[in-house]
Structure formats: C-alpha cells, structure tokens
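Engineer: Sequence:
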Amino acid sequence: AQLSNAGSLAVTGAGLLTVAASGSGNLAVNGGGSLASSSGIKLVSALGDLNIGSQSFTGPTSLQAGGQVNILNGALLTGLGATSSLSISGLGLNSAAGSITDFASITVDPTTIFNAGRLQSRTTFSATASDLVISGGGTIEGTTAINLTATDVTGATINFTGSQSFKGGPVT
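Take the sequence shown: its position 143, counted from the start at 1, is 143 in the numbering used here, and no numbers get skipped.
By construction, these hints were calculated from the structure, which means they are not laboratory data. The structure presented is a predicted model; accordingly, all values stated were derived computationally and were not measured. Warning: the hint list may mix true and false statements.
Label-pair ranges, simulated between beta-carbon atoms [claimed, not checked]:
hint, residue 1, residue 2, range
1, G15, A82, 11 to 21 Å
2, T12, D131, 19 to 29 Å
3, F160, Q2, 12 to 22 Å
4, A14, T143, 22 to 32 Å
5, V153, G32, 15 to 25 Å
6, G15, G155, 26 to 36 Å
7, A96, G32, 32 to 42 Å
8, N159, A96, 11 to 21 Å
9, G7, G162, 35 to 45 Å
10, N73, S163, 11 to 21 Å
11, P170, A1, 38 to 48 Å
For glycine and all other residues, C-beta sits at the position ideal for the given N, C-alpha and C.
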C-alpha cells in the first residue's frame, strides 16, 4: 500500500488519522506533505515494513511495523508543535541517510537501531528493548535526556557497532 501526500491531510475536531497496510503488505508514505490530528496519527504496517519519506506531523505520532521502520534516504520527518511526540515500534529502525527532527519527544522500542542520519528530540529520546543494538555512525539528540534501556532479565545488553554521537542532555 502507498500514500503519496504532497499536500495536507488533517482531522478536524476529535479523531485519529490512521494510514494502514492491509494483510502482510508493506506501507510506503512519501511526498513531502503534512499529516495532522490533535488526537493522534498512526502509520501502520502490521505484518510488513513501513517505508517513510519526507512528511511533517502535527500531533502525537506513532509509526508501527511488524517488520522494519525505514526512513528513506534523504527523508526528513519533522514534528510541528508542542504535542508532536513520536513513538516507533517494529523489529528495527533504519535511518540510513534520513533525519527525524523537532519532535517534542521520541520513544523507540525496536531491538536494532541503524542511524546514519539524525534523530533529534526537543526533550527526551528514549530507546527500550530486551537487548539493544545501535549502529550507523549518526547522531542522537535529546535536549533534556537520552535514555537507553535494555530489559532482558537474564542478561540485558546494549551494544554499539561503530560510532554514534550523542548530543544534549545526559545519556543514561
């Protein structure tokens, strides 16, 4: 399934803005447009990958994939406004040459984060998984804090493959 949005899609009043792939297919969202809903925005590929190009988001935003969440090369995902938080869930987060910027907060739960671009939050960047692997040589920014948490009770690990820069608040 694909949404090519070069304009503006918005929900007025209460209501969730949801774009979802049916079945086991992937979902691609691109076009450089904007998505807005004060109640929330969900991009979902329940069994496949979510491939996302440049878009701006106004409102709490959730990117969900049964596979990988892929930020396409050169893509810019931008959060607009104080309520534009971002949560990402899937098997992995892949940002080879894209950027996620200006979200009020960013929370990710994939086990694997490949970031060769920029992941930037105006407050807190949080990553939580049973074990966490971070690679790619990019930059992770959290003005207030950067929280990296491994939760496996039998021997949780956080592994870095190559370099990763951290900017902003303390890294815990």
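Engineer: Would you mind marking each hint as holding or not holding in the structure?
Structural biologist: Results for each hint:
Taking 11 to 21 Å as the suggested C-beta distance range, the pair G15 and A82 conforms, at roughly 20 Å. The hinted range of 19 to 29 Å is not satisfied by T12 and D131, whose Cβ atoms lie roughly 43 Å apart. Take F160 and Q2: their Cβ atoms lie about 34 Å apart, and the range 12 to 22 Å is violated. Range check, A14 to T143: about 30 Å between beta-carbon atoms, so the 22 to 32 Å window is met.
Between V153 and G32 the Cβ separation comes to about 44 Å, which falls outside the hinted range of 15 to 25 Å. A C-beta distance of roughly 44 Å is found between G15 and G155, which places it outside the suggested range of 26 to 36 Å. Distance hint check: the CB atoms of A96 and G32 are about 19 Å apart, inconsistent with the given range 32 to 42 Å. Taken as a hint, the range 11 to 21 Å holds for the pair N159 and A96, whose Cβ atoms sit roughly 19 Å apart.
Roughly 39 Å separates the CB atoms of G7 and G162, a value that falls within the hinted 35 to 45 Å. In this structure the hint that N73 and S163 lie 11 to 21 Å apart at CB holds, the actual value being about 20 Å. The given range of 38 to 48 Å is respected by P170 and A1, whose C-beta atoms sit roughly 41 Å from each other.
When held up to the earlier numbered hints, the structure conflicts with 2, 3, 5, 6, 7 and fits the remainder.
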